Structures are given as structure tokens and as C-alpha cells.
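So the chains spell out like this:
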Amino acid sequence: MSRRLPPTDVVVVGLGWTGSILAYELCRAGLRVTAIERGPWRDTPTDFPTTTAPDELRYSIRHDLFVRPAQETLTFRNNRDQTALPIRRWGSFLPGNGVGGAGVHWNGQTWRWHPWDFTFHSSSVERYGAAFLPHDHMMQDWGVTYEELEESFDRFEYLCGISGKAGNLKGEIQAGGNPFEGPRQREFPTRPMQMTAAPDLFARAARELGWKPFPQPSANLSEAYTNPYGCKLAPCTYCGFCERFGCGNFSKSSPQTCVLPVLVRHPGFEARTECQVTKVNLSADGRRATGVTYVDTAGQAWEQPAALVLLCAYQLFNVRLLLLSGIGKPYDPATGEGVVGRNYAYQVTGGATGFFGEDRLFNPFIGAGSVGMVADEFNADNFDHGPAGFVGGASLACILSNGRPITTRPVPPGTPRWGGAWKRATRENYNRWAAVGLQGSVMPYRGNYLDLDPTYKDAYGLPLLRMTFDFPENERKLSRFAVDRCVEAVQAMGAHTVRRNEISGPYDIVPYQSTHNTGGAIMGSAPKTSVTNKYCQVWDVPNVFLAGACLFPMNAGFNPTGPVGALAYWAADAIRDRYLPNPGPLVPA
Amino acid sequence: MPPSPTGTRRSLLSATALIALAHGPAVGRTVRGALPWSPNEAYPPPRAVPGGWLFLTAEEAAAIEAMANRLIPADELGPGGGEAGCAVFLDRQLAGPYGSSEWLYMRGPFARGTPQQGLQEERPPAVLYRQSLAAIAAHCRARFGGRAFAGLTAAEQDALLQAIDAGRSGIAGLEDKPFFEMLLQNVMEGFFADPIYGGNQDMAGWKLLGFPGTRYDYREMLDRPHQPYRDPPVPLSGLRAASWQVAR
Chain A
1 MSRRLPPTDV VVVGLGWTGS ILAYELCRAG LRVTAIERGP WRDTPTDFPT TTAPDELRYS
61 IRHDLFVRPA QETLTFRNNR DQTALPIRRW GSFLPGNGVG GAGVHWNGQT WRWHPWDFTF
121 HSSSVERYGA AFLPHDHMMQ DWGVTYEELE ESFDRFEYLC GISGKAGNLK GEIQAGGNPF
181 EGPRQREFPT RPMQMTAAPD LFARAARELG WKPFPQPSAN LSEAYTNPYG CKLAPCTYCG
241 FCERFGCGNF SKSSPQTCVL PVLVRHPGFE ARTECQVTKV NLSADGRRAT GVTYVDTAGQ
301 AWEQPAALVL LCAYQLFNVR LLLLSGIGKP YDPATGEGVV GRNYAYQVTG GATGFFGEDR
361 LFNPFIGAGS VGMVADEFNA DNFDHGPAGF VGGASLACIL SNGRPITTRP VPPGTPRWGG
421 AWKRATRENY NRWAAVGLQG SVMPYRGNYL DLDPTYKDAY GLPLLRMTFD FPENERKLSR
481 FAVDRCVEAV QAMGAHTVRR NEISGPYDIV PYQSTHNTGG AIMGSAPKTS VTNKYCQVWD
541 VPNVFLAGAC LFPMNAGFNP TGPVGALAYW AADAIRDRYL PNPGPLVPA
Chain B
1 MPPSPTGTRR SLLSATALIA LAHGPAVGRT VRGALPWSPN EAYPPPRAVP GGWLFLTAEE
61 AAAIEAMANR LIPADELGPG GGEAGCAVFL DRQLAGPYGS SEWLYMRGPF ARGTPQQGLQ
121 EERPPAVLYR QSLAAIAAHC RARFGGRAFA GLTAAEQDAL LQAIDAGRSG IAGLEDKPFF
181 EMLLQNVMEG FFADPIYGGN QDMAGWKLLG FPGTRYDYRE MLDRPHQPYR DPPVPLSGLR
241 AASWQVAR
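Chains A and B, in that order, are what the protein sequence lines are. Quick note, the first sequence lines up with residues 1 to 589 if you use our numbering. Quick note, the second sequence lines up with residues 1 to 248 if you use our numbering.
Warning: the hint list may mix true and false statements.
To be verified - For each label pair, taking beta carbons as the anchor points, the in silico distance ranges come out as:
#1 Asp-217/B to Tyr-460/A: 41 to 47 Å
#2 Val-510/A to Val-49/B: 31 to 37 Å
#3 Ala-142/B to Thr-415/A: 33 to 39 Å
#4 Arg-207/A to Gly-108/B: 52 to 58 Å
#5 Gly-238/B to Pro-228/A: 36 to 42 Å
#6 Asp-217/B to Gly-420/A: 57 to 63 Å
#7 Leu-222/B to Glu-126/A: 44 to 50 Å
#8 Ala-111/B to Asp-136/A: 39 to 45 Å
Claimed, not checked - If you want a taste of the chain B side facing chain A, the calculated C-beta under 10 Å gives, among others:
#9 Tyr-43
#10 Leu-174
#11 Trp-206
For the record, the hints were derived by calculation from the structure and aren't laboratory data. As the structure is a computational prediction, the values presented were derived from the model and not from experiment. Glycine included, C-beta positions come from ideal geometry on N, C-alpha and C.
Isolated chain A, as found in the complex (with noise of 0.2 Å):
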């Protein structure tokens, strides 16, 4: 049985990125706010200070800042005559836990996709015509334009202090930056990093093969900023523990350095963590959210009422409670119907590794998630399709985040996995290879899809997410593709070995690719074919708006949370802006 608490006016469910970002802007336009989040408090001093963070089998191996599956999971399938089997133990994607969410772990490339990205469909359309489209495909433009976002993508780059080149400052293309980028109205707010040796060297060889290298805009600091709200970050030190791990430093921005310093103290915030929000109460006819159930560390339910409930969890938590809370219809494979769960899209992963001689020494510790050069040439509709014979791109980069020894310590194809040999090479090879890797797009289809597990249940007795996907034909030639220019890359810097990393057989959950899981909520402009309208708005139930990549009715080529927090800026408008002097549907349905 639950028991009632005093009504609130935002329930946010999730304290990462997005919930941090929705909670301050709405405290700050004057609304009390309680956020409730599953996993523990984090702070940088006692959770992750640099005597403790950098430790490789703790965070990296064991998974100790992840969510663990003992808590939530889901099941996963290649295709719907299979039987969806648990994700016991984590691999191919990583989902965060605790206060600050994947923001604390993450790598911090951090992008604004390209304006060809938010209207991948009727562009696609009009360059190369329907039937270039992938079969069974379920490409649609987003509802929201680059254009509109724009300025949200500025105010989060700023909130993080991204240290980055513009490419194209209002249109007038620069020297350095992307030139691929959409038009920015300012320059980033910090200077590039600082280039290490297999980035540079990478550099070079993409401009001989003609290509206009840039540094990865990112999220670990140049150098020290002071962030629109008052939160400092400092310049990174390249300690090679990014992804997977705490910074230490307050070099990475995270909500920890960005956000919450400021949102705590604000009188109109409250957080509850260690708590599982359950669901989603409705209002007996459905169309009103009334607030939160959710379980505490004893067991024990309770409702929180409040008048606007946004859903901040990651993108595969989102979908499973608006499964659970019975929101939007669920997705139908069989007939096309419905639209929570449809248009789930990964990511192509992949690369190719190269191996060089005597003269080259990389230092592959000295590195952070964010530190290489990036070619964007085949990325979107960067370049000509037709003879390609795919729809989307992929990013190209060398960032050598680090040398980190359990996981990086590559040897040539041929090499033994143990003994002797293997021992010479490791050795031999360690400091002398670099890779260049890509990010590339992954489309909408009608098969890959999000639903809940008829079978497995997490410790509350609730149904677990079911994933079904696999990469279709398309994704496996775009694969191929962008391997091929990576090897290309790999060659011109020198390599005298070369390993490629690309897709082959079926998807497979074990080893790890990206935690860039989209969809499965989308946007976009009708009720019939998405979750929300426009302003990340539910379109059934009008007090739910959504946050993070569930909105994406696609996945690009590159990092999503450079839009994640776009939107959640965009959201935050519309709801002060625009819900709040006159609540109800902001987009007629």
C-alpha cells in the first residue's frame, strides 16, 4: 500500500543531465521541485576523488558507477522468432545510475548534429528520391529544426564550457573548425584541447588524403571556466580515466560541476535518492499525470503528487515507465501501429586499428575521452549517397583516451591471446599503435523495437524492457564504408599493420560498442506517428514532457548528448514559456 505525500509542483525522475537542467530552470522560473532518482548522491570529493578514481578494474571492469542489472535490465533479441533473453551482466552499452546519471562517466564528446540530421526523412527524400530508402525503414524529420535549436545547443555548450573551433560562425565558414557544421552564433567557450601525438599525426594524414580535420569539441576543459550559473570547471590534466569513471579533477563537465552546486542550494529544490519511480499515476480518464509512485530502499511505495511530471531517466528507462504507466500506445511491429517503442536506433561502431614502427611512441595514458581530431566528410548528407548505396554517415576520429591496461593494449591480427608470445608483443606494441574510429548512423526500422518482456520481471515483480534489434543491410554497408576510409586514414599515418573493426554477424550485446541507445519516445509532428509533439510534450497526457535521446527518431553519426541537453534547454522554455500561462496541449493534436 502507498502512502500520499504533500503535492509538489515538478516530479522530475532522474537527476542526470536533463532532470539537473529541467529541475534548476524550473526552480529558477519559480517552481518547487523534487527530483527522485534511483541510484545513490555522488559527489566529486567522496565519490571519485583523483586518490581513488583512476582504478581500472573497479569502474571500468566491475561496472561500479553503472546501474546494476541486480536493480534493472532488460532483455534483448535479435529479431522477433527469437526468445528475449536477460542482460545479466552489462557489455554492449553502459547505463548510468546514481545522481548525475551517464553525465558522470561519460566521455564528453559533445556535438550539435547537423541540420540534415532533424530532417534526415524529407531530405533523404528530396536529394535521392523514396525508393533510395532503406526497406521497412521508418524514417521521419524530427518535428523540431536545427535552426529552432540552435540556441539551446549554445546555452548547453556554454553551461559545459565546451572547448572546441567553430566551423561556421552565422554562415561564414572558419578556418579549424567543421566545416559540415551547422551555422553557430558564437565561438565555443573555450579554446580546442591541446592535441597528443596520434591525434596530430592523424591530422596530417586526413589532410593529404583532402580532408578538413577539426579537434572534437569536448567536454574535458582547455582550460578553467566559469559557467553561466556561477559552477567552475578546471583545465583537464589528460589522466586517461574518462569514460567509465568520475573526474576527479572537475575538468569534466558534468551535472556534479555544472549544475548542481547551484541547483542544490535553491529553496525551491528538493532530491530523493534511492528511490525507484514505479510509474506514472493517471487521472481516471487518462489524460492528466497526478504524480509518481515509487518504491525506497525498504520497500515501502509512496505517491508524490505534483502538477507536471517530467521523465529524465536514460533513454531505455524512460520507454519501460511509459510502458508501465500504460502512456502512449505501445508500439505494434505486426502492424505498424502505435508509438511507444518504435524507432529504437544504435549506433555502427567500428574502426580500424594500426600498428607502427620504432619511430612513433603514443603514450596512450596520456589521453582524455575527448582529446583527438575528427573528419566529417562522409558523415550525414556531407557527400554524395548515390554511389554509396546507403542512407547516413559516420564521423571519423583519432582520440586516444587512454592506455588504460586491462582493456587497451592491442597487438597485431596473428597474435597469440597468451603465453610468450603474447607477452613480446604486448610489450612491443603498447605504445606504438593508434586507431582511428567511427560513429555512424543507425536508421529507424519497422523490426528494431522496444516492448516490455513477457517473461522476466526486476526485484519490484514489474516487467523488464524487451529490446529486439539487429543492423540491417544498410548499417552493414555504411560499416563497411567508413572502415574503409578509416583504414585509408590509418595507412596515411604510417601504419605497417592494420586491423579492421567492422560489423560482422548478427548484433551482439556482449562486447562493448556505445551507450547511445535512441528512440523508443520519439518526437515529431502527429500523435499517430510519435510520443510527444514538438516541445518534447506527451501528446496523451499534456503534464508529461520527456527528456533525452527517447526523442530521436534516429541516431547519427555522433555523440547524442550535445542534443540531449539541447532539448532539455528547449523543453524547459516551452514549459515556462508557453505551459505555464496557459497549461494544456502546446501543439493542437
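The hints should help you fit chain B onto chain A, whose structure is shown.
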């Protein structure tokens, strides 16, 4: 009753919340007004204390030590895996949450699944090691005149490990591939993880590579690309290696 999501000091703190917030949530933690930080509060890693075995028997430990010394043999580049403490590392890991799969999703039903669906093993690592090492021990006694794995010659040990790696050992009661993958992964973890966990003694694994450990600040090197890094490695405990050779 759902499990505590963290089982750390954070849960202990929630007990205080119970008393402090008569009208608030009973358990869980409420934060408002100020960052909930107190001096010297920390969430340190569990440090392996030397001496004795916590999970492995002496015979099992001897077998693991011998296996680690073949997977990572001693040579002119440095000590072997067993010498560097991989058995101590594994023993402490098996005695903790890794050994019992405490953090993993372990609800049934258990089914075999496709390779792409990943781990579907019901037995946690501690049980798998116990059963697998017993099977290997019985095999060695029967085939090698009563000798244990640790008593075989290096060539015999290599041949047996190669057969297990290839999935053709024929050892009764041993699932070759899953056991070998687990063993290889754990031995590499022990050799390369911070010495605080009992392996990588004298930072043998880090010295092999030229990995400087937890130094945390390399900015002085940025203007010297392709130059060797010469400072000795530092582990979490702050001790320096007794000897140090810079990787060429």
C-alpha cells in the same frame, strides 16, 4: 523485499534520514539546501589484505598460480602471472561480489540463448571455478600419474591449457571454452589491475607496458610528443615500484 540498490555507506546514511524526516520518506535520502558533503567522507575500494586464502583451497590456489604462470610466463621481460599475485587477486575477487555475481541479474528462467545474448550462466564464478578446478585436478591425477596441475612440466601445462582453449580437452565435468575465457580474463585483470587488489605485485604488469599508473596529470608531456615518459609508476596506495625500467 527489493535489494538495496547500492549496499554501501549510502544506505547507512539513509538510516539517519529515517529519524530526521518524520514526515518525509522513511528510507532513501533527502537532499536540499546544501551539498551533502562531510569532511573525510569517502567511498574507497576494498583493499586486498595479504596472507591466507579467503576462497580458494591451497590446492586450487597452486593450480591457479601455475596456470597464471603459463598464460603470462616469466621471461627476460619480467615475472609471470602467478609470481605477480594473480592467484591472490582471483581469491579475493571470488570472495567478493564478483565471485557471487551479486551485482548481476540472476533471476530465472535460465536458458542457453545465442552467443549474441551474452552471459546466461546460472552458476556464479565462485562455483564455476570450484567445479572446473576439481575436474582439472581429477583429470591430472588420472592422466599424469597422480600429479596435480601445478606438478606438471611447463610443456604439459601448456598442452593442457591449449586443449582447453581450443575446446578439445575432453576433461569430464569441464566446459572448456567458458572456463578458459573466464580464467584468461581474470588472470589479465590480476596482472594489470591496481596492486591494491592483490595482483600486479611490484606493478609487474604496468612495468611490462610502461603504464605509469595513477599519476593523473600528464600536461608537462604535451609539448613533447613521441618522447618516452620516464617517471616510475604510482599505484592507488601511492607506493612506487621498487625497480623501474622505462619502456623503450
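Report the numbers of all earlier hints that the structure fails to satisfy, in ascending order. Violated: hints 6, 8, 10.
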